[in-house]
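So you can see what is in the structure, the chains are spelled out below.
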Amino acid sequence: MNMLDSFLFVALPYLALVIFAIGCIYRYRQSGFTVSSFSSQFLEGRKLFWGSVPFHWGIVVVFFGHLLAFMFPKTQLLWNSQPIRLIILEVTAFTFGVLVLVGLVGLIVRRLSQARIRVVTSPADIFIEFLLLAQVILGCWSALGYRWGSSWFAADLSPYLWSIFKFNPEIGAVQAMPWVIKLHIVGAFLIILLVPFTRLIHFLMVPLHYVWRPYQVVIWYWDRKKVRRAETVWTVTRPRNN
Amino acid sequence: MDVRAQISMVFHLDKCIGCHTCSIACKNIWTDRKGAEYMWWNNVETKPGTGYPSKWEEQDIYKGGWEKSGDGIKLKGAGKGKGLLNIFHNPHLPLIDDYYEPFTYKYLDLIESGDMDDQPTARPVSLITGRPIDIKMGPNWDDDLSGTPDYARHDPNLGNLSAAEQEAMFQLERMAFFYLPRICNHCLNPACVASCPSGALYKRGEDGIVLINQSVCRAWRMCVTACPYKKTYYNWNTGKSEKCILCYPRIEAGFAPACMHSCVGRIRYLGVILYDADQIHTVASSEEHHLVQAQLSLLLDPDDPVVIKHAQKNGIPDSTIKAAQDSPTYKFVKKWGLALPLHPEFRTLPMLFYVPPLLPVMANLKESTQKVEQQKNLDPISKVWSDNWLYDTSTEELWGTIEQARFPLKYMANLFSAGDEELVKDKLKKLMAVRLYRRWKTVGDVSQEKANKALAEVGYTGKLANQIYYLTSLAKFDDRFVIPASHREQAIEMLDFAGDAKGSTGFGFKDATAERGL
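Same order as they appear, the protein sequences are chains A and B. Just so you know, we're using the numbering used here here: the first sequence kicks off at 1 and counts up by one. Just so you know, we're using the numbering used here here: the second sequence kicks off at 1001 and counts up by one.
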């Protein structure tokens, strides 16, 4: 176990996860105003469609693919035990990986070529887009070059990730990986680390609660029944929305 | 019965002179910021015209508002299914060019220019990119029917008018138009609130003002699509949506909203209306021909003891109930039946009401016969002004001027009553009756018999006509602005630290100010 490996696969993950957790909570609580997806569709709509839609749907599928294989490695291996199922899974995952790549390239081209979009672009936006691009290229590369990813991820990397969360990191398996996959792992933790500092934080704001809430929202500043009674005006609890 | 209070506004369109003072007052206070330059929370449109953003009334394009679905209603272009599926790219979102690209001029070039053979010019530059642009569109681009072939002719409200009727509207010497001031309608069934995936939009229970919580908005921009009046705007700089806030900090402090306070023609009335919140869904789902009547039935009589009892039980303060009893808007809308909501067919139950304009309707009769006589003595190209047809009161048939109006009733009906011409005609007859009555009183060229007949036909009495005349023409500020004394214990300013919002008028980043092209 050399110094670099233990930094990249032990220190960096913990650093990234701690900064991610504390940073996101801090940013949400202290400056909720800056938490936004910063949509630029209003300034340019047509090119965004060909970038944003494949990118987002692609990354949703790829993200949950990684997450499921991490959480349920045994189920994953069981599924992969039949070649036909393995092929179906790999082809699907790779297709969505390519969708991400295509969408991301479209988004980067749009961001750099449109004068209006340049105005709403921060250096962090450009950095994060190229970091994502590198990550997606590495991901597609390992899928093509080191088959079959869904199996060896579940067999080797899932235990590594679990060991991180169990506070007993074992990096033997990771150390033996080719450098493409090592870079992919480092990139993943870098991205997690950067979430609280960039617009990436919007992925935590997925508005799923919309599905369950009633359509109309009415907010009262004070309890309506109590506010009529002078003696309770100053003792009732603060209103719900503040 | 779930009685709630709503602050509502009435616009007396006959009095609007289209000066845009309201728009400027609003802009100076709220939207003179980076990212908000293009926003006009209050704007005044010329009708017929395509408006702002261009053709906003055309819901085949923008998919705003609610539509009937079985027994109930559903959002036309947003909602739980469509909204979440289109979250990565909203196909119905109006873009900046549908409004206009905000611009300024490089004025400093005029001052700093050196000696040249030619006059220096101040080039227009975009307020978004800072680069020189060719201005394609601006606020009120089609003001006063300018560019009629491109704009007014494409007014979506002309849709069901015959080609002949449309042609008649745009003949040079018969052209008529009126102004339509618009702010957020603070609807009872707001589509913007219903469409927000984050739940950032809400209606205030105490006064019904619809607001966007800037800390919760995540730029999913569904509200921009869902609002059929296009009165929520996306701030491209801060990544948050914004809208008219009915100047709630001013209302809480006992001042009128800036647009109303600055109104030169005194066309605006602001007051409290009590309504029954239990009926909202039923009313919004009613049949199209019944929508206006249903909406008016939602508004409760504040003098009815049963209503007062329920209001008190619901925690509505006595001062609010008193304000509802004195409300000028309740009088115009319910008691006198003079005002109508704008585009009730969008089913959001808007709480701004408009007294339809009578003037373009009246200027009609005798035009043809008298003109021929006069034109014999004049040069063929000279313009003929005959005074006696502008305010014709001598016609034998009482309502002749309305029936033969040069401004088609159908057009007004498309705007204010979901196509019901009778409803608009009823309002115009009432306005006309009051006018005939006052004509008898002050000028005397109308007989008392005729004036009384006119009043009787619309169900008015002389006393009522005088009240309407007073509130229309003589009303002082306190008659037009009746809002309960501020309940400081309910005011948001008492709950939040105002210093947080200082310098940003509550919107935007504190350090970002608008960059001018200097």
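Note that these hints are calculated values from the structure, not bench results. Note that the structure is a prediction, hence the values are computed from the model and not measured. Ideal Cβ positions, reconstructed from N, Cα and C, are used throughout, including at glycine. Heads up, a few of these hints could be off.
Covered stretches of chain B (chain A as the covering partner; in silico rule of three or more C-beta atoms under 8 Å from a C-beta of chain A) [said to hold, decoys possible]:
1) 1199-1206
2) 1347-1355
Computed cross-link-like contacts, SDA-like style, restricted to lysine to any residue with a CA-CA straight-line distance of at most 25 Å [claimed, not checked]:
3) B/K1080 - A/S122
4) B/K1335 - B/I1280
5) B/K1106 - B/A1122
6) B/K1425 - B/M1175
7) A/K47 - B/K1055
8) A/K47 - B/K1074
9) B/K1463 - A/R110
10) B/K1074 - A/S31
11) B/K1034 - A/S31
12) B/K1322 - A/V218
Anything over 10 Å on all C-beta distances counts as not near chain B; from chain A, calculated [said to hold, decoys possible]:
13) N2
14) Y14
15) V35
16) S39
17) V119
18) F167
What are the numbers of the hints that this structure violates, sorted from low to high? 2, 3, 8, 9, 10, 15, 16, 17
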